[in-house]
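Protein chains: 2
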Amino acid sequence: MVQMKTTQLLTKTRKEVPSDETSKNAQLLIRAGYIYKEMAGVYTMLPLGLIVLNKIEQIIREEMNEIGGQEMLLTTLQQSNSWEASGRWDDKVMDVWFRTQLKSGAQLGLAPTHEEPLTEIMKNHITSYKDLPKYVYQFQTKFRNELRSKSGLMRGREFLMKDLYSFSKDKAEHDKFYETCASAYSKIFARIGIGDITYRTFASGGSFSKYSDEFQTISPVGEDSIHVHQGQKLAVNDEVYTDEVMEDLKLDKKDLKEQKAVEVGNIFTLGTKYSEALGLKFVDEDGSEQLVFMGSYGIGPSRLMGLLAEHFADESGLVWPESVAPYQVYLVAVGQSEAVVSASNKLYEELTQKGLEVLYDDREDVRPGEKFADADLLGIPTRVVVSEKTLAEASVELKKRTSKELNIVKITEVVDLLYKSVN
Amino acid sequence: MVQMKTTQLLTKTRKEVPSDETSKNAQLLIRAGYIYKEMAGVYTMLPLGLIVLNKIEQIIREEMNEIGGQEMLLTTLQQSNSWEASGRWDDKVMDVWFRTQLKSGAQLGLAPTHEEPLTEIMKNHITSYKDLPKYVYQFQTKFRNELRSKSGLMRGREFLMKDLYSFSKDKAEHDKFYETCASAYSKIFARIGIGDITYRTFASGGSFSKYSDEFQTISPVGEDSIHVHQGQKLAVNDEVYTDEVMEDLKLDKKDLKEQKAVEVGNIFTLGTKYSEALGLKFVDEDGSEQLVFMGSYGIGPSRLMGLLAEHFADESGLVWPESVAPYQVYLVAVGQSEAVVSASNKLYEELTQKGLEVLYDDREDVRPGEKFADADLLGIPTRVVVSEKTLAEASVELKKRTSKELNIVKITEVVDLLYKSVN
Chain A
6 MVQMKTTQLL TKTRKEVPSD ETSKNAQLLI RAGYIYKEMA GVYTMLPLGL IVLNKIEQII
66 REEMNEIGGQ EMLLTTLQQS NSWEASGRWD DKVMDVWFRT QLKSGAQLGL APTHEEPLTE
126 IMKNHITSYK DLPKYVYQFQ TKFRNELRSK SGLMRGREFL MKDLYSFSKD KAEHDKFYET
186 CASAYSKIFA RIGIGDITYR TFASGGSFSK YSDEFQTISP VGEDSIHVHQ GQKLAVNDEV
246 YTDEVMEDLK LDKKDLKEQK AVEVGNIFTL GTKYSEALGL KFVDEDGSEQ LVFMGSYGIG
306 PSRLMGLLAE HFADESGLVW PESVAPYQVY LVAVGQSEAV VSASNKLYEE LTQKGLEVLY
366 DDREDVRPGE KFADADLLGI PTRVVVSEKT LAEASVELKK RTSKELNIVK ITEVVDLLYK
426 SVN
Chain B
6 MVQMKTTQLL TKTRKEVPSD ETSKNAQLLI RAGYIYKEMA GVYTMLPLGL IVLNKIEQII
66 REEMNEIGGQ EMLLTTLQQS NSWEASGRWD DKVMDVWFRT QLKSGAQLGL APTHEEPLTE
126 IMKNHITSYK DLPKYVYQFQ TKFRNELRSK SGLMRGREFL MKDLYSFSKD KAEHDKFYET
186 CASAYSKIFA RIGIGDITYR TFASGGSFSK YSDEFQTISP VGEDSIHVHQ GQKLAVNDEV
246 YTDEVMEDLK LDKKDLKEQK AVEVGNIFTL GTKYSEALGL KFVDEDGSEQ LVFMGSYGIG
306 PSRLMGLLAE HFADESGLVW PESVAPYQVY LVAVGQSEAV VSASNKLYEE LTQKGLEVLY
366 DDREDVRPGE KFADADLLGI PTRVVVSEKT LAEASVELKK RTSKELNIVK ITEVVDLLYK
426 SVN
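First to last, the sequence lines map onto chains A and B. The first sequence finishes on residue 428 if you use this note's numbering, and the numbering steps up by one all the way, no holes. The second sequence finishes on residue 428 if you use this note's numbering, and the numbering steps up by one all the way, no holes.
Mixed in with the good hints, there may be bad ones.
Claimed, not checked - Using C-beta positions, here's what the derived DEER-type ranges look like:
| no. | chain 1 | residue 1 | chain 2 | residue 2 | range |
| --- | --- | --- | --- | --- | --- |
| 1 | A | K176 | B | T12 | 37 to 43 Å |
| 2 | A | G110 | B | E184 | 42 to 48 Å |
| 3 | A | E327 | B | L422 | 38 to 44 Å |
Claimed, not checked - Covered stretches of chain B (in silico footprint by chain A; criterion: 3 or more residues with CB under 8 Å from a CB of chain A, positions within the stretch not fixed):
| no. | segment |
| --- | --- |
| 4 | 119–129 |
| 5 | 346–358 |
Calculated directly from the structure, the hints in this document are not laboratory data. Given the structure is predicted, the values throughout are model-derived calculations rather than measurements. Beta carbons: idealized from backbone N, C-alpha and C, even for Gly.
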């Protein structure tokens, strides 16, 4: 819901976090009441966390629809057949399977990714060149049985993934969409507030293309190492940072700078690997039978949420980019005088009527300092304070989470001002 | 996306269904391209299916928010501790667990329901009477290892569930919300189009209340047997249809009629069962420590989707209620003359601009009869046909999926007419 009072909010902020939680993003998100740790790499989204996750998801959805993606939802439970055909049922090939079984004893797996089942499904819907190209995506919980999971939301055992798959007639048609999707990814990261620190990065490819592309966000908390070419706004993953590759890319090592980074997206040319293994074919214009040419395109919304939490945080707590903050405004009533309470209530009503996303700290038994600390910990972009002092000037006090500056604004003007700043 | 052309739609309709699919709802939904069968009780939502499921979900979400529910998202993977405390980790007590394990060997379960983990979480956020009441809900995929699963979407092994949980100070506060939620459920079923055939039904209770309440929808495809009192718009589940209960409810068996029904929702007084097992307490106004009084409230959106598919279907295919249909309008171009194609394209543009949900059958190599058959199979509420014949009268032909009547409407008036009928 876009308006909420602190006294009604399900969660409270906390001073302490689980002693076994070592990652900064999860520590902050737990303290602020966004998530709850079920076990390492497995987190419940509490109401505030779910709002942030949904906002990230919606930005991605809009951009995927814009490039012709059709949303669907595959299943977690997987039978072995299509995975055996591709060779990935084997734990030696894919070592992150969670296994389970039906009462009949039939072995099942929890999907760590979805190339195989989707290729199987598409056999019902792709038979002719007229059926191509097609772009399909989903937001689905993935399960990966990681040996260790110590990075909070940034490496989950159960986590949300947006995975898009492209089905094209040939490499030329594929390559065109690949670049379209790369542009959409850049738009997504810009909208989420990390456009300026996110680089399209050359990484290792497969049988069907020399390289794959990762989107890496510069951050001291990153597990990856990349070499950034600032001028060309691109990077090279350390794993392919060889003299040979540099020559191939016509880059000079002295122009690149090594930095820590978090992989926030990747796009990959699958080629005919899965269409061949599973028999996904189409009849071409000339009557010949051809294999469908595929690509995969991933973004992890929950990992992004962890990155945003950890990267932008300061010593006082979370700092959300405006586009994904659970609320735009944190409204604080200072003191319990009738004038303050009635002015605050009225302002809350007006902000609500304008459709602004407001969290109203209406607690009576809490000191102003504690309210300010919560406003900071929660990372809401704009704090609005109503007090005896501000009311004496018929005003309120505005403070951005990212600034120390306090601004006094007439109470009659504040609603319009806030409305304009977010619309 | 609210507009789509058949030539771009991911899926095609099919003549045949998997030979092992015995349920009518899944057979129809598979043929029409709404779902794909991964295994018995486990279905992928294809784009059309996901739209329907999302519409059902959104109706439920709006009504849950309206009564103060806060949405969150718990995890699928579950450790044993809280379930051992309640006694439900044991397969003899809860026989539908899917089990899996971490690489460390630690046993995990896939959540079949979420009372235990949520009670555990709420210990961080409920300490005082001031924190109560609280209402929490989620839309989460549930996993239940059913021995058999032959009813398509109506009894899944992996399926979507809306589960709300209430946390109250005492039974009086609980009872009030229980009735509020019952009213919200009635609204939901009315909005989804089954209000007139859905009955609040007395069913067996637990330690904390004599009865629980089910919402049962009369349907020949139902697995349950209920006794309906038409005058009082209520019913009694066959499992509690005893003389003793009838006396208690002040009902006379001769006023009730036995009917087959599908359980589409249930509300249940949990009392202090879980708060006692897991230690969820609060300090009351008088300083005494009390157990939180709980309730649970479930609706299965995917089961509802299966019920709607099966219940309203006729010999030609699906018949969706308007509120959940994937598109409102099925626009058919009959013939390939330039006049027809250009008038159809123009109409599609105009409907799109008005924000109407339109599926435009723009296929060139398909006979009109096949297009009409697909319009029926897909169950879209209104079919609009543009042909040489209708254009001769500057008109289009309108037909409701639920009627045989054909109406000729001026092409200049049809957009407004359709817009008004859905807004």
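(request) Establish whether the coverage given for the segment 119–129 of chain B by chain A is satisfied; the threshold is a Cβ-Cβ distance below 8 Å, and no fewer than three residues must meet it. (result) holds (count 3)
(message) Just to be sure I understand the hint, the distance between the Cβ atoms of K176(A) and T12(B) should be within 37 to 43 Å; is that true here?
(response) 23 Å, violated
(message) Given the hint of 42 to 48 Å, is the C-beta distance from G110(A) to E184(B) inside that range or not?
(response) 46 Å, holds
(message) 38 to 44 Å was suggested as the range; check whether the CB atoms of E327(A) and L422(B) agree with it.
(response) Holds, at about 42 Å.
(request) Would you check chain A against the segment 346–358 of chain B, counting CB to CB pairs closer than 8 Å, and say if three or more residues qualify? (result) This one is violated; 0 residues, fewer than the three required, reach chain A with a Cβ under 8 Å.
Hint check: violations occur at hints 1 and 5; the rest are consistent with the structure.
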